[in-house]
Structures are given as C-alpha cells and as structure tokens.
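From first to last, the protein sequence lines are chains H, Z, Y and P. The opening position of the first sequence corresponds to residue 3 in our numbering, with each subsequent residue numbered one higher. The opening position of the second sequence corresponds to residue 3 in our numbering, with each subsequent residue numbered one higher. The opening position of the third sequence corresponds to residue 3 in our numbering, with each subsequent residue numbered one higher. The opening position of the fourth sequence corresponds to residue 3 in our numbering, with each subsequent residue numbered one higher.
Hints should not be assumed to be uniformly reliable.
Same chains, same names: a pair is fine if it fits in one copy or spans any two.
With a straight-line Cα cutoff of 27 Å, these simulated DSSO-like cross-link-like pairs (lysine-lysine) come out [what the hints assert, rightly or not]:
{"#": "1", "residue 1": "Lys-315", "residue 2": "Lys-70"}
{"#": "2", "residue 1": "Lys-89", "residue 2": "Lys-195"}
{"#": "3", "residue 1": "Lys-269", "residue 2": "Lys-252"}
{"#": "4", "residue 1": "Lys-252", "residue 2": "Lys-160"}
If you are wondering where the hints come from, they were derived from the structure by calculation, not from laboratory data.
Here is how the chains run, residue by residue.
Protein chains: 4
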Amino acid sequence: MLRYLTAGESHGLCLTAIVEGMPAGLTINQAAIDLELKRRQLGYGRGARMTSIETDKVNFLSGVRAGKTMGSPLTLQVLNKDTSIDKLPKVTRPRPGHADLSGVLKYDLDDVRTILERASARETAARVAVGALMKLFLKEFGIEVFSHVTKMGDGVAKTDTLSFDQIRKKAEVSPLRCADMKAEAKMIRFIDKAKKAGDTVGGSIEIVALNVPVGLGSHVQFDRKLDAKLAMQLMSIQAIKAVEIGAGTKVAELLGSQLHDQIFYSKQKGFFRKTHRAGGIEGGMSVGGPVVVRIHMKPLSTLRRPMMSVDIKNKQSFKATVERSDVSAVPAAGIVGESVMAFVLADALIEKFGGDSVAEIKRNYQGYLRQVAQF
Amino acid sequence: MLRYLTAGESHGLCLTAIVEGMPAGLTINQAAIDLELKRRQLGYGRGARMTSIETDKVNFLSGVRAGKTMGSPLTLQVLNKDTSIDKLPKVTRPRPGHADLSGVLKYDLDDVRTILERASARETAARVAVGALMKLFLKEFGIEVFSHVTKMGDGVAKTDTLSFDQIRKKAEVSPLRCADMKAEAKMIRFIDKAKKAGDTVGGSIEIVALNVPVGLGSHVQFDRKLDAKLAMQLMSIQAIKAVEIGAGTKVAELLGSQLHDQIFYSKQKGFFRKTHRAGGIEGGMSVGGPVVVRIHMKPLSTLRRPMMSVDIKNKQSFKATVERSDVSAVPAAGIVGESVMAFVLADALIEKFGGDSVAEIKRNYQGYLRQVAQF
Amino acid sequence: MLRYLTAGESHGLCLTAIVEGMPAGLTINQAAIDLELKRRQLGYGRGARMTSIETDKVNFLSGVRAGKTMGSPLTLQVLNKDTSIDKLPKVTRPRPGHADLSGVLKYDLDDVRTILERASARETAARVAVGALMKLFLKEFGIEVFSHVTKMGDGVAKTDTLSFDQIRKKAEVSPLRCADMKAEAKMIRFIDKAKKAGDTVGGSIEIVALNVPVGLGSHVQFDRKLDAKLAMQLMSIQAIKAVEIGAGTKVAELLGSQLHDQIFYSKQKGFFRKTHRAGGIEGGMSVGGPVVVRIHMKPLSTLRRPMMSVDIKNKQSFKATVERSDVSAVPAAGIVGESVMAFVLADALIEKFGGDSVAEIKRNYQGYLRQVAQF
Amino acid sequence: MLRYLTAGESHGLCLTAIVEGMPAGLTINQAAIDLELKRRQLGYGRGARMTSIETDKVNFLSGVRAGKTMGSPLTLQVLNKDTSIDKLPKVTRPRPGHADLSGVLKYDLDDVRTILERASARETAARVAVGALMKLFLKEFGIEVFSHVTKMGDGVAKTDTLSFDQIRKKAEVSPLRCADMKAEAKMIRFIDKAKKAGDTVGGSIEIVALNVPVGLGSHVQFDRKLDAKLAMQLMSIQAIKAVEIGAGTKVAELLGSQLHDQIFYSKQKGFFRKTHRAGGIEGGMSVGGPVVVRIHMKPLSTLRRPMMSVDIKNKQSFKATVERSDVSAVPAAGIVGESVMAFVLADALIEKFGGDSVAEIKRNYQGYLRQVAQF
C-alpha cells in the first residue's frame, strides 16, 4: 500500500507531503524532482508574477539517507516565497468558481481566506513533488509518463500521425506543451484575446504512460479498477471538470466494431494490439503498453473581468475582480496530471508485486514478465 | 463511514452486497428497491433474453428487522436465474474490449470464464440494490437522483429549455430514458442500424442529484473532494470511458466569464446561483442545489459482427463472434450511475453529519441548515 | 490488500462474509473449513443447546469455481438454525456486560434485541469461516495456527517442557483444548462449581502461528506493525479484554537481560534465536519462526445468577437472569483467535509478496527466502 | 474521518506529522502542546543525555491561522537536536529486542542504521504532538486523559482507595508518574539495581479517559469496536507487549457475577454503574464515564550488560553492548499512551458527531446528550 497526504497553504511557510509505503533502495535524483517542479511553473499564459519568481525546490526532511530511500516515510517540503498568511487581511468576498463560498458555509467561517489558502492550486506543487518521486520509481521498470495540451478554444492539436515519442519531444519544447504548432498558434491567439479582455481560459490535456505491464488494477471490485483510481486522482486536481480514458466521450458515437481493439499475437511480442482506443485499460486492468487519458481544465476562476458575487459580511452584491491574474495554467495542469497518474501506477505496481526494496520488486516483476511471456 | 463490497458471478448462485455503516431506523421500502432493479433491466436495445427473463428482486439477509434498518451491516442478495457456472464449458477465446485477456494473464488462468463471470455487467445489479437503499436514505433529506440519456450516435438530446422535473418525467416514460423525443427517434435508428449490422452502440447519460446541501465533500485533501469521489465510482461502472462534471469537456472552449456561476443573495434563498455550469461542485464541495454529471458508455464488447482475436491455448487467430447480443445497455448504465451517485452522496452526508440513527442525522442536518441560513 | 466484512444476526437467516483480495488458484477444502466451524462449537462448559444442535457448515456463494478460488470476492454463508428474528419479542431489559444498554442509547432504539442480535458471539462463526479459508492459504506457505487454553480460575497450564507440536496435539484431543491434564482437571472443577452456582467463567488462551517468515509487518508506521494489527483483530473478538504478545504483562517484572532473545547464526539455519520471549515480533515485524500471543476472555455475560439492571422502558430496577446458559466458551474463543490471527498473517503475506495467483505469490515468496538465506 | 501519518528519523532533521480531518475553529494552545512534549521527556530512569537536552517544541507548518485550526491538514514538526544521520557510521551489529535484524532482512539492507533510525522511540515525539492536539479538542467536550505507572518489578501501586482525580494529581508530581509513594520507592530501587548491573527495566501503566460519552465505537463490525481501535494504537507504541481493558487478564480468574458491572438508574444521572471492571467498554462501545486501559512496556533493548548477537557482515558472534543507556522510559510511554488514546477518542467522536467546525460538533454533541438524557 502506497499512500500520501499533502498539507500546506499558499501563503503559509511551506507545502508538505508525507509519502508512505515507498520501498527501500530507490536512488533519489534531486535534480529530476526539482525539474518537475519547474515544469509545473512554466507555460504560456502565466502572469509575470509566476514566471519571474524563484523556482520551487523540494527538501527531503525524512526517509532518505545517503541519497537512497530507507523504506521509512518520506517528508517532502516545498517552501513558499510569500509566507504572510497571518498578516494578510480578512477576505469577505467569495469568487465565483472557487471553493470560497461553499467553504465558509461548511466550515462556519467569517473569512474566505481560511478556505482559499488551502483550496488554491498552490497545493499541486506538493503533488508534483510526490509524482516526481513516483516517476523515479516507475523508471526502474521502464515506465514513463508525459503530457501534452490537445485543445484550447479553437486550437485543436492533431497528433494522429505522430508517435508518442514525437509528441513527447515536441510538447517538451513548446511554450504551451502542444505537439502541433499550428494548433498552438491558435491557442496562443485564444489566450492573448482573453488576456486583453481580462478573461481566462482552460483547455484539454492528454496524459500518456508508456510501457505499462498488463494486469495493473483489477476487475474484481469497483475500487480496484485502474480507470476508477485514475479518475479519482485526476478529477481531484484543482479545476478539472472531466476525465476521459482512451476514446472517452467519443464512445457515444462509435460502433463496437469501430472501437474495440482487436487482439493479435506473435512469438516475439506475445499478445498485442494495433490500436489503442481503449486507452490501454479494459475491465479495469491495464492491457499492456500505453495508458492514455485526457483531462479538461476549466478557465481560472480569478479574472480581471468582473463577475457578480455577494459580500458574506454585509450580503451586498459586488463585482468580483482582481488587479492581475494568470490567463491560463493548462500546461501546468498537465504536469500535475502526470504526477497523479505516476502515483496511481506506482501504487498499482506495489500492490501487484509487493516487495520492500526496489531489488525485491524488480525480482517479482521479472518473474511475472516471464510468466506472461510463457503463457 | 459508509462502505460496501459486492460479490458474485453472472452464472453463480447470486450477487451479494454487504453494506456497512447505515444508520438505524431507516424504513425499508422493498418495492422501491425492486423497482430500481427493474429499471436497470429495461431499455430499448436489450436482446430478447434480457427483457423476457424474470425481473430481479433483492433479499435482505441481514441488517433489517421489522422493516427497519438495525444499524448492523445489511446483506443484499440478488439471485441469478442461470446458475450453471460449474457446468459451463471452458472458454479460451478472449473478446476484444473485455477484461478477458488481461484477466487470464494477470491471474494466470487457462480459462477466460473465470474472469468474464466476475467482470460482467451482471455485477451492477448488486450496485443498483445498494444504490436503491441509498436513495431511500437520501429521500429522508429531500435528495433525489435521476438520469437521462443525452446522446447515442447522431441522436443528441436538447433539454436546455426543460426543467429538471420535466426531464425526469419524460425520461422515466421513454424506452431509451431520453427526454427529447426527436433525438430519441434518431437514437433508435442508430440502434436498429447497428443491430442489423450485428454491431453494438454506446451512449452518453446525464445524472442529476437534486436538493444537495452546500458543503458535501471538502477541498482540504485530494481524496475528500466530492467530484473525485464521484469520478471514482462512476468510472468504475463497467464500460464507462469518460466522466464529466457540469460543463465537462466544454470548459476547454469557454472563457472564464462564460463559465463561472455568479453568486447572488436573497433573504429567502440565502446565497444562490442562476446558472449551474459547475455542475454543482466548486473546490471539491457541493455548492447547494443540483449536482450534475455525465458519463459515457462504450458499445457493448460482445457483438455478432466478428472481430479478430487469438485463442489463448493454441495461439491461433480467430474471428470472435456471438450468436446474439444486446445492442445497447445505455439506459441501464444510467440506473447504475444513479446508484453509485446515491452512494457517494449518502456517504458524504454521513461523514458530514455523523449520527447512528436517521433521527440523529436529521437533527444534526437541521442544525446545519439553520447555521447556513443564519450565516 | 486483503479485506473482509461480516454481516448477520444470531436469529436472522444467516451469517455472511465477503472476503476480498484472495488470489486465484487456491484449492478450497470444504471439509477443512467445516471442521473449523465444528471446532468452534465444541468445548467443555457449553450448554446442552449448543452441543446438541446440528453443526455449522459454510456455503460458498461466489468466488469459487470447480473447487478453486477465482480471484474474485468470496461470499461465505453460514445458515442459522433458528431464524425467528422477526417473531422474537421486544427486549427492554439490558444485561450487564453486554452491548445492550450502550447500544440502545447510541442507536436510539426501544428494543434491546436490535442490538443483541448483532453483538452476539454468533457473529464469530463468520469470522471462523473466513479464518479457515486463510488457514488453507497459509498452509501453502507452511504456516499453521493453533490455540490452547492456558488458564481458567486456579487451573493454570504448565507447558514449558512441551514442544509446540506436543501442545497442539494434546490440546486438540482435550475437551477444554488444554495441553496440561492436571490443570484441565482444575479448570473443569472451576467450571462445574460455577455452573452449580448459576455463574459463568472466562479464561486465557495462547495462540501460536508456526513457520512465519521474517519480515511480516513493518516498523515504519504505527498501523503497519504486525503486533498492532494482531491486537486490533484479537481485541475485536467478543468478550476479549486483554491481548499479550510473547512475555506480555510479565515484561514489567523482567530485566532486559532476562527478556530479550539473543541472536545466533549458523550456516544451515541462518540467523536464529534459542528463546522466543518476544513472541516472534520485534519492532512491529515477525522475526521468523513462531508468533505467540495470548488473549483473555471474560466470563459470559448471560448468567442464571441474577444481576441488577434497569428496564429501559419503565426505568425500574430488576434482577437480570436467564433460564439456562453456557458456563464458558473459552475453547471456542481460541478457535476465533486462530481465525483472526490467520487473517492478519495472510494479509501481511499478500502485502509483502503481492501476486494475484497462488503460484505467483509462491514464486515471490521463494525469491525472498533465497534473498534472506543469501543475506 | 480523522487520520495521521508520522515521518522522521531519530537523527534526521525533524519529526513530522500530518493530521487530517480536524475541524475548523479549535484554538491552538501551543504551551499546552509543548508541555506534553516535555512530559514525554521526563521520568526517573532516563540517562543524563535525555534529561539534560533542550526540551522538544512543536512547530505548526500548516493548518493554523491566527491561532485557530482552519479545517485544513495540520503539519506538526518537532526538530531534532542531533541531525547527523548522514554522517553517522554504518552499523552492522543488530541488537536483540530491536527491529534491527528483521528490518535489514526485510528491506535487504547492509546497514542496521537505516532501520533503527526509524524504529527508534524518538518517533513517539510526533505522536505525542498529535495526541496533545487531540487533547485540546477533547477538552472542548470535557474529556480528559491521564496516565500513571502501576508496576515496575516488585513495586505494585495500590490505588483502589483513590479517586481518579487523586491518582492523577499524585502521578503528575511523582518522578515515576506513580500515585503510590510506597510502591514508587520499590520501583526506584528496582531501577537503581538494574542500573548498577547495566541492565534495563520495563513496567505497567494505566491510562484513563474521563467523561467519555456513551456510544463511542460500535458492535456492528470488528474494526469499529472502540477496544479494538485502542488495542491497535496502544500495541503500536514501541516496546509495548500487552494491552488490557478494565479488569484485563484478571477476567480469567473471576466469575461472571464478580465481574460484570451492574446497571442502575436515577433521574439525575440516568443510567449509571457503581463499578467499572469492564474498563468503560462493553460490546465495543463506551458505556459512558471513564475508560480505563493498561499497557505493559518491555525493558529497553539497548543495555550496557552484554547480550549475544551476530554481525550481519561477517556473521561472527559478538557481545552487544552500549556505553550508556537509559534504564527505563516507562513514565514516558504513559504519555505516549495518553496521546494515542486521545487520538482514538477524538476520531470516534468525529465519526459519531460529524461536523466541520468545533461549534457544529458541539451542537451535534449537545443534541445527542439531550437524546440520551430523555431516553
């Protein structure tokens, strides 16, 4: 069992995650983790504030000795630059689209700040740190996770003719993490137009895990299904309003014969598919190969253009507005998506293969791969 | 904490669910529960087999005395008509789109039947029984859940001008659970055409919960978010490939100012919204009022039209086909969707309001409603 | 992850357990399971009622095909002989020592029966069925669990000079499951005297698991410790008021040098101990070899000799008494103890070795044993 | 749901706990929490090292704003004085009684330090910090938890004639947290003698919670029982080998009529007991009033007097010994016991009464107390 909890507010001292259940003997590549935190901070559409501030770094406060995991819980800390939470003024004006109003009603508070400090997407820095750790672990098994932006406004990426490797490389050097330059140009125009209008935009992101073995997750109980676990983690990301596996919403238009991935076999490859419309998951289990999901992020809820709201103190209507704001954080949401997907896969791997050290898990994993090959 | 496990195979003796954490004092309306089981069995597109067989009924084997819940775990049993699991022949031919192949590789089996018996959608009968129980509980708090089919092929329901009440009523009398007769006609043509071709179809379903109080779920941790919990349960339904909350995938096209639901206030209603594009959830919490989700079901994986597969015993390719098959089970999936949504809401209600008897939970609930009203 | 839920009342239709997470390919020995249910019904001190009735049997309603586990959840059902729950009269007189009074206050009930039906030790039949299944699984790894009664009144068993094997054999043929005949004679006198006086007695039981591998459980988090998990399951058995690991309460009298088990090594055995005062668990992990715990059962709470109580309806004092009653169920509690211990070990085994089939778990297990041997 | 995870090594930077599920609006009394940390560091029998070092203090890194809980997860940090984990030499000599040997075998390590750093009782500082927070919360409901040492060697405290209040006061000013001065003198002699011999000692501790309402925990499922939850948490404390509830192991000697607490009623008090031999728990539920448990701590495993062990590198036997060591940490274990008991009760309270703010939980709690009073 692998588990984690995050804690921390956006203007508190730090974000903290405790990760529990990691095997011993994993080499910690600090630079690789910090790079993930940096990737989360990039992307066209962020305000000047975001891109100019110092990049996040992770501190390991426990669980690591001499550069390796100890088997004991890891404490990951990401310090905040602005730690003024106790000095910041009370907020009585909830913003549409945020946790603000529901939060103060639920927790019986007279200050919206107590809610927004935790509901903020700043929390995802902790999740990216956790996910970066999971990526290091998955890499030991050849599993890799990446994301690319597929849609913003009228910019819709066409990537059908590209290999996953090509998509990955193109996305990694694109300011919007988009593998289709033409679509990206449209996306940028969409962002710029929104910016001028004081508005915000969202977008769609595809997240892909490569080299996933067959048989992660299970069909036997609702909460063991790999797609269900992915859906939970992905939908829990701030601002995500939809999760698709493989063909996703398109399944409502296709015929069965157009959708289902036929099964083939060769001595070398064993069983394989030529298509991947199921997104690599059938019956709650990975089929082996790539797992493909898509998430859809709503426009940021903090915008310069005014929206109607009500002051919680005096119950007067007002026009909610901010001085400045990011226009979009879609590429960043992709990094968060990669991170939680990495967690789900690492958890499923540890559930299936057991083990307390990386070496033991690898041994069990190799035994299973032989079993499948000799099936 | 409310929890449940289901068990049972499609040709075993029965399906069983144990439901744990239900308060004492809930009146069991057996007819209401059996009605839900019946609703799950209906719908245009099922084969003759499905519609002709006797309807399912639930037996309470524990947890109920004199028609009321006892606080102890409930055992819900739905008997199978065909219980020949031990006599049915071995299956060595996995079907594309099913758990079949991944299952035998993962569990190291030489018989696909061992997998398909459990992976089958028959399991959802147990979940509908559980959900029906949850609906009885939610009704004590005025919360109701319904579903309607919104898309199949080129049939796309237009329901913007209808109230939820109108949609509900129309859907309940429609053979496809569709509230738009014109769209339904197209859907039926889509089904009929597929049937003639030996093919299958999927579709999209909207599920709505009415009168949900503000503040179910929480923003404080990823696994406490109401949308994340809904996504997990909904994606765990057999054949579901996408889950949307509110505007869902549309958020990638809209501007922030077009999407976010502005906040209003009146003495009578307290805080309220005029739009519900967030689907009734912001920051992982219910905002109060309707909660709206959509799920997308893939075409059934068992079709008459042949698809390529490989025999697991001799590794020879073959054309997978069946004698007869349902063409669609989309309306039924809607009932399953209602059921798991009812569970998530009942669980969230019990988490927020505690209590061991219906009377106690109601007392706590009323206290909270007064708190919110006087905020 | 292995998990189970039990359901059922003592005069309801049946007891049910759903067991989830069992690997595929385990051969179900029905006779062995029924034998465990029978062992639970035996023991000197039971009333005529208990020993005369037909013995319990388990029905597998799911999860088994052709005599083997399928990987899917198992439904274990034990039918009740007396199923009159709905006809039995209301009870308004709570018995001291039972869940009766706290139960009606907590669940806001006017009928004690609603509580006692579930709180009754009848529930342990379900847990013994589950445990019997776990024993079958553990046997695949050479692990066996047994119990013997060590104390009742002034009867205190001396077993220091006996091997575990000898203790086990003697206990299995003793009417009190006691390996020391002299002590047993005293226990029987203690029971007989209590019986004459209309009173009841409890006792102490030792439970031993043999051939447990090193490294089950973990020191890294409070809820991963093997002793903590054992304590939870053992204390949850009806009427158990104390749990000891190894030397148990004696540790308050001993010096460190008298208690701790020194460490030795030989080429053949690897690391080993000559003493087992830690009960086979150090730092929350098994040390390898036997795991030894003791539980202490209070006298039955239903006695002929009157005790003062208060009618919940009219608040009048009365003398609680019953016509007839068992005097002791200590040997039976030992079987329940074996059962829950078997569950904890099976769960720990599956957590450490992963795997979805018995063959896969064995392969991983063998790999670990080699690793330890070559350490 | 209330949950926590701890992390941290004894010579790492710090111990960290994330506590999740605390309601909003609890005033944080930092001095009260630091006092608990100090209480854990005291007690006759600690070496000079322990008593001379600076006392622990807790830092709240999240979850608190303006001195009140926010509803969001709390991060509690206790800094270590010695943070040399990366510089400390490799250890190849496992100590009997510790996690050392099982740990290196399980996690496949060549350095015992990687295990002992986490298995050390230093971890309990985090649990005491968490428990101190729980005590603040419980105080809002009038619930208090304290401990006193009842046995060490031949020193056995007699406290039958004292009220809980008297015991508490006497224990709090005693160097051994013992309420019986005569017994304490014997205990001190026991300690001093062991010290001279280079040996270590353990002891027994009683932990009492006052003013617990009726109905925490439940009889309906094994893992909802209050005694089972207490047993888990208490047995998880480093070096604890036995847990008793109420009369505990004595139940094996007593008759039913001598043990069970008879039930009485008066208009003022409602239902009540004159005896508390059940330890305040029947049928897995609190009966209302004090809850009394006892834990038994083994002698410290690090002693000056040599014990046989084996070097894991060269497999040579050696005599395990240390330069200096504490002789006993029994009073400290009592503080840890109080802490985990406070957690279990706080969790049970939140499960029963729900609520997201202290005010809401209190309102629900008051409603329940009225319900019970009017029963």
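*Which hint numbers does the structure go against, in order from smallest to largest?*
Those not satisfied are hints 2, 3.
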